[in-house]
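Novice: Given next are the chains, with one letter for each unit.
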Amino acid sequence: MQFPILSALIFTPIVAGVVLLALPAEQKDWIRRVALAAAVLILLMAFKLYFSYDPGKGGYQFLEEAAWLPQFGISYKLGIDGISLPLVLLSGLVIFSGVLVSWNVEDRPREFFSFLMFLGASVLGVFCALDLFLLFFFFELAVFPKYLMIVVWGYPKTREYGGMKLTLYLFIGSVIALVGTLAVYFGSGLRTFDLLALEQAGFPIEFQRLWFPFVFLGFAILGGIFPFHSWAPDGHVAAPTAISMLLAGVEMKVGAFAALRVGIQLLPEGAQYWAPAILLLATINVVYGAFIAMVQTDFKYVIGFSSVSHMGLVLIGFATLNRDGLLGAGMQMFSHGVMTALFFAIVGMVYDRAHTREIGSLGGLVRKMPWAAVGFIIGGLVSMGMPGFSGFVSEIPVFMGAWQVAPLVSVVAILGILITAAYIFLVVRRVFFGEIPPELDQSVGDVSGKDKLVIGMLSLVMILLGWFPSLLTRLIEPGVHSIVALMGGGW
Amino acid sequence: MNSAFTPEMWRSLLPEIGLLILALVLLIFDLIWLKQPQQRGKWLGWMTSMGILVIMGIAAGFSVPQGEGSLEWGGMLRFDEAGFVFRMIFMSAAALTALFAIQHEALKKRGEFFALLLISTLGMNLMASAADLMLLFLAIETTSIPLYVMAGFLTRDDRSVEAGIKYFLFGAITSAVMLYGFSLIYGLTGTTQIYELKASFQSGNLPPGLAGLVILLVLVGFGFKISAAPFHFWAPDVYQGAPTPVAGFLSTASKAAGFAVLLRVFQITFADQSALWSVMIGLIAAASMLIGNYLALAQRSIKRLLAYSSIAHAGYILIGVAADSELGTLAVVYYLMAYLVTNLAAFGIVNLIENRVGTDEINALAGLNRRSASLGLAMLAAMLSLGGIPPFAGFFAKLLVFAAAVERGMIWLVLVGVFNAVVGLYYYLNVLKVIYLQPPPEEKIAAPTTTAWRVALWACMAGILLIGFWFAPWYSWAQAATSAIWVY
Chain A
1 MQFPILSALI
11 FTPIVAGVVL
21 LALPAEQKDW
31 IRRVALAAAV
41 LILLMAFKLY
51 FSYDPGKGGY
61 QFLEEAAWLP
71 QFGISYKLGI
81 DGISLPLVLL
91 SGLVIFSGVL
101 VSWNVEDRPR
111 EFFSFLMFLG
121 ASVLGVFCAL
131 DLFLLFFFFE
141 LAVFPKYLMI
151 VVWGYPKTRE
161 YGGMKLTLYL
171 FIGSVIALVG
181 TLAVYFGSGL
191 RTFDLLALEQ
201 AGFPIEFQRL
211 WFPFVFLGFA
221 ILGGIFPFHS
231 WAPDGHVAAP
241 TAISMLLAGV
251 EMKVGAFAAL
261 RVGIQLLPEG
271 AQYWAPAILL
281 LATINVVYGA
291 FIAMVQTDFK
301 YVIGFSSVSH
311 MGLVLIGFAT
321 LNRDGLLGAG
331 MQMFSHGVMT
341 ALFFAIVGMV
351 YDRAHTREIG
361 SLGGLVRKMP
371 WAAVGFIIGG
381 LVSMGMPGFS
391 GFVSEIPVFM
401 GAWQVAPLVS
411 VVAILGILIT
421 AAYIFLVVRR
431 VFFGEIPPEL
441 DQSVGDVSGK
451 DKLVIGMLSL
461 VMILLGWFPS
471 LLTRLIEPGV
481 HSIVALMGGG
491 W
Chain B
1 MNSAFTPEMW
11 RSLLPEIGLL
21 ILALVLLIFD
31 LIWLKQPQQR
41 GKWLGWMTSM
51 GILVIMGIAA
61 GFSVPQGEGS
71 LEWGGMLRFD
81 EAGFVFRMIF
91 MSAAALTALF
101 AIQHEALKKR
111 GEFFALLLIS
121 TLGMNLMASA
131 ADLMLLFLAI
141 ETTSIPLYVM
151 AGFLTRDDRS
161 VEAGIKYFLF
171 GAITSAVMLY
181 GFSLIYGLTG
191 TTQIYELKAS
201 FQSGNLPPGL
211 AGLVILLVLV
221 GFGFKISAAP
231 FHFWAPDVYQ
241 GAPTPVAGFL
251 STASKAAGFA
261 VLLRVFQITF
271 ADQSALWSVM
281 IGLIAAASML
291 IGNYLALAQR
301 SIKRLLAYSS
311 IAHAGYILIG
321 VAADSELGTL
331 AVVYYLMAYL
341 VTNLAAFGIV
351 NLIENRVGTD
361 EINALAGLNR
371 RSASLGLAML
381 AAMLSLGGIP
391 PFAGFFAKLL
401 VFAAAVERGM
411 IWLVLVGVFN
421 AVVGLYYYLN
431 VLKVIYLQPP
441 PEEKIAAPTT
451 TAWRVALWAC
461 MAGILLIGFW
471 FAPWYSWAQA
481 ATSAIWVY
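Chains A and B are the protein sequences, given in the same order. For the first sequence, the numbering used here begins at 1 and goes up steadily by one. For the second sequence, the numbering used here begins at 1 and goes up steadily by one.
Read the hints as simulated data drawn from the structure, not as lab findings. Predicted, not measured: the structure shown is a model, and the values here were computed from it. A few of these clues could be false.
Quick list of simulated restraints, FRET-style, between CB atoms [stated by the list, open to error]:
{"#": "1", "chain 1": "A", "residue 1": "19", "chain 2": "B", "residue 2": "21", "range": "39 to 49 Å"}
{"#": "2", "chain 1": "A", "residue 1": "205", "chain 2": "B", "residue 2": "199", "range": "20 to 30 Å"}
{"#": "3", "chain 1": "B", "residue 1": "67", "chain 2": "A", "residue 2": "482", "range": "25 to 35 Å"}
With the Cβ distance kept under 7 Å, some of the chain A side facing chain B (calculated, not the full set) [to be verified]:
{"#": "4", "residue": "60"}
{"#": "5", "residue": "62"}
{"#": "6", "residue": "63"}
{"#": "7", "residue": "69"}
{"#": "8", "residue": "141"}
{"#": "9", "residue": "172"}
{"#": "10", "residue": "175"}
{"#": "11", "residue": "186"}
{"#": "12", "residue": "187"}
{"#": "13", "residue": "280"}
{"#": "14", "residue": "288"}
Idealized CB from N, CA, C, for every residue including glycine.
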């Protein structure tokens with residue numbers, strides 16, 4: 001029997017979280033070391049998976065299955081395909097970065113790192129689950145770490161509001177998805193939550209059309225779909241840096257991924273029926289998010305709304321239901337995850353040193369923290385889809401896919417990218433260049449070595465992917481292929 | 001009718017005999033052992049709890065019903081898996097409550113308290129296995145009368161006395177209405193045997209209007225026991241005024257007993273009227289969820305909050321009854337097990353905090369995480385389990401009741417349920433916010449926890465986690481209870 005690496009991947013953070021809670025609160029150094037050790041282990045296992053997945057064979061690999069509650073059709077079934085593997089890698093990168101940038105958390109680090117680990121376990125579990133119940137179990141596991149981490153360690157002025165808003169929005173989404181999920185369970189007549197079996201269930205077309213919106217929309221709320229996106233900026237801004245990184249970088253992908261895996265893969269004909277509506281909402285996401293980002297005066301809100309805009313591209317990719325669009329969506333999930341994690345990390349670094357996020361009162365920081373400035377510019381170039389960076393290779397397939405079904409969408413979405421370029425340049429100029437305000441001149445210092453490691457690592461990933469997109473496309477292609485095969489023709 | 005005693009008859013009554021003996025032993029022990037009143041309370045609590053465990057062990061060893069069950073004692077008692085599982089639920093709750101009571105200054109000094117607890121549990125056991133309306137009524141009264149006394153046990157505390165009287169008045173009125181329903185049943189059919197009544201209630205035998213009236217009258221009594229709207233008005237005041245361990249017992253065991261009779265009478269006697277009562281119970285469920293959750297939002301006392309939340313939970317559980325299916329019954333039993341450990345833990349912690357800080361305001365929990373990290377975590381587990389978040393017990397329980405309703409196509413009820421779950425999560429998270437975010441108060445009043453209290457809390461925590469992700473044993477039990485009810 002092969003080593004159950006997916007279980008090891010999911011249970012590493014769970015065990016670490018429990019161990020952390022058992023440590024004495026004063027042992028802050030040990031607490032950080034345990035968290036870091038777990039994060040490194042997760043990252044290593046994610047890389048191990050990346051290198052041992054066989055794209056030639058495609059499909060779900062590293063399968064594990066154990067009985068959980070057979071009477072109710074629940075099993076503990078894990079496996080990853082080309083769509084979920086990049087997201088597992090993304091989670092590994094962001095959890096590792098999140099631990100590093102939170103190194104200096106002084107208020108109850110034990111609870112902080114423990115909850116961070118539970119959040120990590122939740123996202124990894126969703127990506128690896130091949131049982132609908134298991135997927136849901138992990139999905140909801142994220143509720144309390146998210147809420148408590150925002151409320152306890154977040155930005156004091158808005159944390160109670162932002163944390164509750166985020167949690168309730170996501171919980172509403174998940175209960176709507178739950179109703180749809182249960183309908184799928186009973187509708188299949190198979191009495192099983194096994195995703196692979198349900199994929200083959202062949203639901204009647206009326207059933208698919210009725211229940212698709214429940215499942216897809218329920219999960220897509222976590223993906224930030226318009227008009228249910230407003231939790232994202234408020235929540236992300238209120239959250240502490242590491243949680244903003246995880247929420248925007250990984251959690252939003254959890255929502256999108258679940259919408260794809262449960263919504264589109266189980267109810268493909270429902271997806272075909274509703275695709276135009278999703279496409280419309282997602283296009284609004286792209287353009288509207290970008291416009292709102294442009295008028296923000298708070299550095300972190302700019303990034304918060306840019307996530308809404310970029311997740312719109314992922315959803316456009318889904319709605320095309322064709323090879324190019326889905327490939328682009330898969331790439332964009334990874335690329336945006338890395339990019340937004342980097343953005344939020346840098347925003348956090350700036351705020352920790354300057355104690356303000358008002359764009360108007362910042363300036364000239366390139367002289368004080370060059371690493372942060374360069375990292376932000378790289379992230380910005382990714383975000384506006386500059387060739388040579390991962391954003392380009394993710395956005396182009398999305399636009400190509402959209403062109404095939406609705407050329408107008410491509411045109412409008414590309415306009416959204418123009419606006420993105422505008423607000424990114426605006427922020428870069430005002431925050432990192434120009435005159436440095438005198439009060440910041442004294443107080444602001446350079447970022448720490450760990451921060452540099454985070455900036456360097458995340459930037460490198462985005463550049464590598466920009467030059468060698470095949471690093472990921474070789475995985476995503478076979479995954480997309482099997483989804484398109486379910487569809488039996490696009491729109 | 002065979003008048004000779006058979007071993008089966010004794011086996012069917014073994015736990016109740018045990019409880020009665022235990023109660024008598026406790027009373028005698030309390031009388032003759034006058035030294036050191038402080039120590040005595042501890043002894044009494046431990047004796048009650050361990051005694052119940054022994055009885056549970058004996059019951060599990062000797063009085064497990066075989067097959068689909070049988071009628072004993074001249075058709076008075078139904079000896080089946082459903083009765084067995086519910087007995088285990090009540091006795092677990094009583095054992096845990098006895099341990100929690102040791103932490104309560106006023107309760108632990110009085111031997112009567114533990115005897116009353118045992119007698120009330122005995123009544124619940126009989127409620128779960130009664131197969132005759134006469135015995136059922138007696139069992140309900142045997143359960144309720146000790147509970148009235150227990151709610152008003154703190155005679156120096158006005159709120160406790162008020163709670164006792166209020167509980168008594170509500171209980172007496174609803175019992176009377178229910179008894180009127182029973183008498184109508186007898187008048188119409190000439191029998192009080194639940195299983196024989198099934199034939200009389202088959203469609204066509206009774207005018208539908210009259211059957212509906214009878215069902216409504218009976219529902220008043222049962223609705224009071226489970227604190228469902230609109231029979232819930234007593235709950236907040238009683239939970240707040242009653243000694244906290246008693247409130248925990250009321251909200252778990254007493255509610256579970258109500259559901260036990262509700263399931264048996266409605267699924268068996270009124271089986272043919274299910275189209276009618278399914279709608280009635282669906283409406284009551286929706287009303288309970290809405291009233292419970294929305295009023296809980298405004299509460300400042302944690303005990304009142306838990307009371308309203310308990311009304312809301314009655315609503316969630318009623319979804320399973322309204323579904324009128326095997327999965328629905330199973331969901332009810334599973335939910336009751338999950339709710340038992342969760343709510344007992346919550347009330348246990350509140351009891352301790354009340355002792356320390358001297359108030360039941362939610363703010364008394366401020367900074368609990370900093371004062372005692374493990375206590376904060378325990379409250380986190382309890383609140384999230386109530387909110388239905390994995391990996392805690394409440395998640396799967398909620399999922400099961402919603403699944404039961406989806407299976408029957410009662411989508412409106414599911415939607416009401418899931419949106420209420422969101423509202424519920426809001427106030428549970430607010431409690432967590434107070435625990436984790438707010439600074440702890442300056443003064444610290446020392447009130448060391450007793451071993452008994454810690455044991456009971458650990459047991460509840462183990463239950464919350466195990467029911468939360470190790471589903472198989474509890475599911476099988478719930479399934480066994482379900483098939484015993486659905487034999488007919």
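Novice: Taking the hints in turn, state whether each one holds.
Specialist: For each hint, the structure was consulted:
1. 19/A to 21/B: 39 to 49 Å: holds (47 Å)
2. 205/A to 199/B: 20 to 30 Å: About 45 Å separates the Cβ atoms of residue 205/A and residue 199/B, which means 20 to 30 Å is violated.
3. 67/B to 482/A: 25 to 35 Å: violated (49 Å)
4. 60: At about 23 Å, which exceeds the 7 Å cut-off, the nearest Cβ of chain B leaves the hint on residue 60/A violated.
5. 62: violated (22 Å)
6. 63: Not OK, violated: residue 63/A not within 7 Å of chain B, min 21 Å.
7. 69: Hint on residue 69/A: holds, closest Cβ of chain B at ~4 Å, below 7 Å.
8. 141: Constraint on residue 141/A satisfied, holds at 5 Å.
9. 172: Hint on residue 172/A: holds, closest Cβ of chain B at ~5 Å, below 7 Å.
10. 175: At about 4 Å, which falls below the 7 Å cut-off, the nearest Cβ of chain B leaves the hint on residue 175/A intact, so it holds.
11. 186: holds (5 Å)
12. 187: Where the cut-off is 7 Å and the nearest Cβ of chain B is about 9 Å from residue 187/A, the hint is violated.
13. 280: violated (25 Å)
14. 288: violated (26 Å)
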